[in-house]
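Colleague: Sequence:
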Amino acid sequence: MSGSRFPELNAARPGNAVPERWKLRAGQAIRLQPSQASELRVTEGRVWATFDGPHHGPANDLGDHFLSAGQGLRISAGQPLVIEAWGNNEAPAWLALCPVAPPQRALRRGVFGLSAA
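All residue numbers for the sequence shown refer to this note's numbering, where the first residue is 1 and numbers rise by one.
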């Protein structure tokens with residue numbers, strides 16, 4: 001979706017532990033492509049979010065998501081996502097994006113403290 005009509009936000013910079021917040025007016029859409037794995041949280045209102053394709057499996061399993069206040073969505077590093085405030089009223093939606101720490105690898109130790117193969 002590069003060059004699209006949506007404003008683009010390259011959020012979730014490394015080392016940024018404080019969630020970034022945005023307000024989307026009714027009908028407003030943005031394109032988001034975080035530089036690291038992140039969690040998008042809807043703090044107020046409702047949104048429609050869609051990941052770029054191609055998608056495999058049952059319809060909408062990976063593409064379209066409808067989220068309400070309190071719900072979230074995990075976004076992989078570099079994964080494009082378009083988000084639009086959604087609903088039949090004029091209320092805005094508030095979003096928070098927070099980087100997600102990469103999973104810690106557990107190091108398996110052998111009898112003498114050597115790592116297992």
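Don't take each hint at face value.
If you anchor each label on the Cβ, the simulated ranges turn out as follows [unchecked claim]:
#, residue 1, residue 2, range
1, 35, 91, 28 to 34 angstroms
2, 88, 35, 32 to 38 angstroms
3, 87, 35, 16 to 22 angstroms
4, 102, 26, 17 to 23 angstroms
5, 72, 26, 20 to 26 angstroms
6, 102, 27, 23 to 29 angstroms
7, 102, 28, 28 to 34 angstroms
8, 35, 90, 16 to 22 angstroms
The set of hints was computed from the structure by calculation and includes no laboratory data.
Cβ coordinates follow ideal geometry from the N, Cα and C atoms, glycine included.
Colleague: Look at each hint and say if it fits the structure.
Modeller: Status of each hint after checking the structure:
At roughly 30 angstroms, the beta-carbon separation of residue 35 and residue 91 lies within the given 28 to 34 angstroms, and the hint holds. The hinted range of 32 to 38 angstroms is satisfied by residue 88 and residue 35, whose Cβ atoms lie roughly 34 angstroms apart. As the Cβ distance of residue 87 to residue 35 is approximately 30 angstroms, the hint placing it in 16 to 22 angstroms is violated. Range check, residue 102 to residue 26: Cβ separation about 36 angstroms, and the 17 to 23 angstroms hint is violated.
The given range of 20 to 26 angstroms is respected by residue 72 and residue 26, whose C-beta atoms sit roughly 21 angstroms from each other. In this structure the supplied range 23 to 29 angstroms is violated for residue 102 paired with residue 27, their Cβ-Cβ distance being about 36 angstroms. Our hint of 28 to 34 angstroms for residue 102 and residue 28 holds, since their Cβ atoms are close to 32 angstroms apart. Look at residue 35 against residue 90: about 33 angstroms separates their beta carbons, and that is not inside 16 to 22 angstroms.
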